[in-house]
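*Asks:* Chain residues, written in single-letter form:
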Amino acid sequence: ETGVTQSPTHLIKTRGQQVTLRCSSQSGHNTVSWYQQALGQGPQFIFQYYREEENGRGNFPPRFSGLQFPNYSSELNVNALELDDSALYLCASSSPTGMNTEAFFGQGTRLTVV
Amino acid sequence: AQRVTQPEKLLSVFKGAPVELKCNYSYSGSPELFWYVQYSRQRLQLLLRHISRESIKGFTADLNKGETSFHLKKPFAQEEDSAMYYCALSGGDNYGQNFVFGPGTRLSVLP
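Quick note, the sequences are listed as chains A and B, same order.
Position 114 (the first sequence) corresponds to 114 in this note's numbering; numbering is contiguous.
Position 32 (the second sequence) corresponds to 146 in this note's numbering; numbering is contiguous.
Which chain B residues face chain A? A few, computed with CB under 7 Å, are given here: (1) 157; (2) 158; (3) 160; (4) 200; (5) 212; (6) 215; (7) 216; (8) 217; (9) 218.
Only some residues are given here: those of chain B computed to face chain A with a beta carbon under 8 Å: (10) 159; (11) 213; (12) 214.
Simulated from the structure, these hints should not be mistaken for lab results.
Small disclaimer: the values here were computed from a predicted structure and weren't measured.
From the three backbone atoms N, C-alpha and C, an ideal C-beta is built for every residue, glycine too.
When you get a sec, could you build the whole thing from the sequences and use the hints?
*Replies:* Laid out in structure tokens, this is it:
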């Protein structure tokens, strides 16, 4: 059984550019969530995908979008990057069978916008 | 609105001393509460969840709905407990994956 993996681990982009971050969910997991963690803060929920459909979204603008593929891997896309988008982006996967399902986190992608 | 607060950014205790990491929340319904931990150079991982009423690595946490708190406690801290601790809340929506995290408390256990 493999864990959650994210790529790339580090990324530097220029303001106004677009970025795609990738996440491979843990084997057998069909739900993926993305979080943004700014320096010194806790992770903030961006959105969640379940069986290729978005089924939950946090307080993030539409330029944050995502996809989930048939193999349950996922992408986070951010358009028109702003300096404040600099953060650690975390992906978490789970296979919910009810409440309190444990989420397994990836190691994160550190995005720096200059 | 859902919110989790952790009043201490940093908590330092000596090895063998009791430790309590505070967590308070606001939520209009019946939340599910969790503690996540991040050790140095490791990924965020679940420590414990209130519904399980379990003790993990000597840590326990009791949900107090009257005080809207979910403090994490350990009677005798160990150096290996040094880590970043996040309290998290889930409203149970969407299979319980939408966590609201607190800002975290860094626990430093001194020798």
